[in-house]
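Residue numbers (our numbering), protein chains in the order written: chain A, 1 to 207; chain B, 1001 to 1207; chain C, 2001 to 2207; chain D, 3001 to 3207.
Just so you know, the hints here were simulated from the structure itself, not pulled from any lab data.
There's no promise every hint is true.
As the list claims (entries may be wrong) - Just a few of them, taken from the derived set where beta-carbon distance is under 7 Å, the chain A residues facing chain B:
1) SER46
2) ALA48
3) GLY118
4) PRO120
Please read these numbers as outputs of a predicted model, since none were measured by experiment.
Even glycine gets a Cβ: it sits at the ideal position worked out from N, Cα and C.
There are 4 protein chains.
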Amino acid sequence: MHLLTRFSRGELKLNRIEAFSDGVFAIIVTLLVLELKVPVLKDHHSVAELAHALIEQLPNFLIRLISFIIVCKFWLNHSHVLGLARHADYGLVWTNSMFLMGQSFIPFPTALLGEYAGNPLAVSLFGCVFALNTMLFIALNQYIVRRLIKPELARLQDPRGFAKSFIGVASYLLGAAAAWISVHAAFVIYLFTPLFYITPPHHEPDG
Amino acid sequence: MHLLTRFSRGELKLNRIEAFSDGVFAIIVTLLVLELKVPVLKDHHSVAELAHALIEQLPNFLIRLISFIIVCKFWLNHSHVLGLARHADYGLVWTNSMFLMGQSFIPFPTALLGEYAGNPLAVSLFGCVFALNTMLFIALNQYIVRRLIKPELARLQDPRGFAKSFIGVASYLLGAAAAWISVHAAFVIYLFTPLFYITPPHHEPDG
Amino acid sequence: MHLLTRFSRGELKLNRIEAFSDGVFAIIVTLLVLELKVPVLKDHHSVAELAHALIEQLPNFLIRLISFIIVCKFWLNHSHVLGLARHADYGLVWTNSMFLMGQSFIPFPTALLGEYAGNPLAVSLFGCVFALNTMLFIALNQYIVRRLIKPELARLQDPRGFAKSFIGVASYLLGAAAAWISVHAAFVIYLFTPLFYITPPHHEPDG
Amino acid sequence: MHLLTRFSRGELKLNRIEAFSDGVFAIIVTLLVLELKVPVLKDHHSVAELAHALIEQLPNFLIRLISFIIVCKFWLNHSHVLGLARHADYGLVWTNSMFLMGQSFIPFPTALLGEYAGNPLAVSLFGCVFALNTMLFIALNQYIVRRLIKPELARLQDPRGFAKSFIGVASYLLGAAAAWISVHAAFVIYLFTPLFYITPPHHEPDG
């Protein structure tokens, strides 16, 4: 009877949503780094030519590293937030799918920025995509907190958490705007934004 | 003795089939979006040139978004239907493998349509592939409902569900036919088809 | 104390080996089909040109389909055999890793055959790689049956199973040899080999 | 109350970290081998030309095989070490993410070495990347042993294990240095380094 009730209410188990999401996250972070291309050398044995080519790839590598860290942060937040839910439902599946679509789009502006780091549009788009992803995460978080939260965890929720979570969005959009004045300023803002929310949302550390 | 019986009857655990399927789905949706290529610019710092190149990629991006949503819908249906089964057997593994093969073929007509959105054959093939995938899902659904369904869930099944599930197939084929008269009409049909069955099959919502 | 004993004996849980293997299998089957390339057309709107290009890709598609089915068959056998084990150990991890390396090599001869279907060396290599993979699976199977089998399942094992399992190896090698006389004969042999062992090893069906 | 305590202390379940890590490992090992490119032949039917092209790819294939084995060894060690932990926390997620980033970087120096096996810089970089990865693993191991180890397993830890684990780092750096004198000497050192620690850390085998 319990199983029947669960099905007729459209309740789903969380484990497959987690497995699907973990697969998507794993592919995104791995391909971020895997997409680094082997440089083409005229003289295969030349140390100087290879060193020069690798140094030229360094900014591209660093940009991918920033994206890697940000996606890992999203994974950690996703892991935390799904841990709050007592079960899944169809609304959660779709909110989560939209969030994952946003995540799987991240390698594109990352690659664009790696190629055209001096182009204000590329730098600005990078920030806009991360702002969008942060908003998609906020939507996922809100959906779970409002509808699916385990009763015993409800009182752990910080009532100002919803307002606070827009700091990340604002910071990425600030970076996206700053790109049109100075691409270097934008990079500094992007670099510091994940540090703001490196601790998970609504979590009180010990001591 | 129970384990022995299970093995001699060819019963398999569902969890590995789910893990394998989730991996395949995760790769498909991620690569759908990941395959967007960084445009080649003559002037790396030109905002106008990059903006022009990105706007040119917009239809390609939208087509990938449609495929992303449809594959997520297939994932949700797959998740629902496997939840009905009490265990797996060899027939299920093969029905599921054929279904996954159909899914992993989706990025090809998607990329084809992204490249040649004005070519009736590309537009038509897109619809045919989704009609085929819907039929493969119907086969999977029928296999589980007829042979492996948990007894307590059997009475939840809508007797008209089997007939209803062909609406999606018919709609995709209609789009595929319409492509030869107007590619725009086909796009409209493709866009609305998943909305028809955005709720899972055989599910009665609350209230 | 039980956990301590388990660790000091080098016993490992099976679930991570299964998850890792399922991930590898999922990537292999998906990329087999995903690697189909969008043809380059001179006239983007020409139905005839696109139809011609797609028909030219048909043999490549069929070869990938054969590989897809064979890898799914390996997945099914892998799933069956790991279900026999009571736990994992370091020897199993390495035997399994070698097996997975063989599997992840499959897309290479598949792509080679898709490109050069008329080249006897490409056709022959395809059979040799599948013969090698079948041998790696036999090694995995033997390792589990000899060292890690659940006691209650031991009597299910067919004593002639070990000898029987070499039929697949012999058949693939026969195809590899036949390729030097007729590539078509080799294709027929490859196509029928997985059908021989489409039922799992050592399994007695009902009725 | 227990769940509340767990959340307020920032404790996380290990299973999603394992699933995410297994996904990353699966993609890395599979793509290592999948990246082998089909050679371009002038005469599609020429056995001699294809044989020549494949033999030319052999060193590239062998280098990828070495990386495959090393990454599988890292997976085994990762699996062993996470099995020691009683739960996860935010520090573990970040230490693990840094470790996975190091792992996902492995295909790049591998591809570089496959292309430019005679270039001392490429050979040296290969060793440096593996030394770095070994250090990242040591950090992960230390984090778990110092903060998260299951009490009953604490006495299994070899007090000299920490010092011993730097042998791998030293050996890879020795190879990286040797590359500037003889690339062949470096290859020999790289080949033997994983054999040193093919048994898991801190494990006492039977008998």
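Structure-based check of each hint:
no.: 1; hint: SER46; verdict: violated (26 Å)
no.: 2; hint: ALA48; verdict: violated (24 Å)
no.: 3; hint: GLY118; verdict: holds (5 Å)
no.: 4; hint: PRO120; verdict: holds (6 Å)
Consistency with the previously given hints fails for numbers 1 and 2, ordered from lowest to highest.
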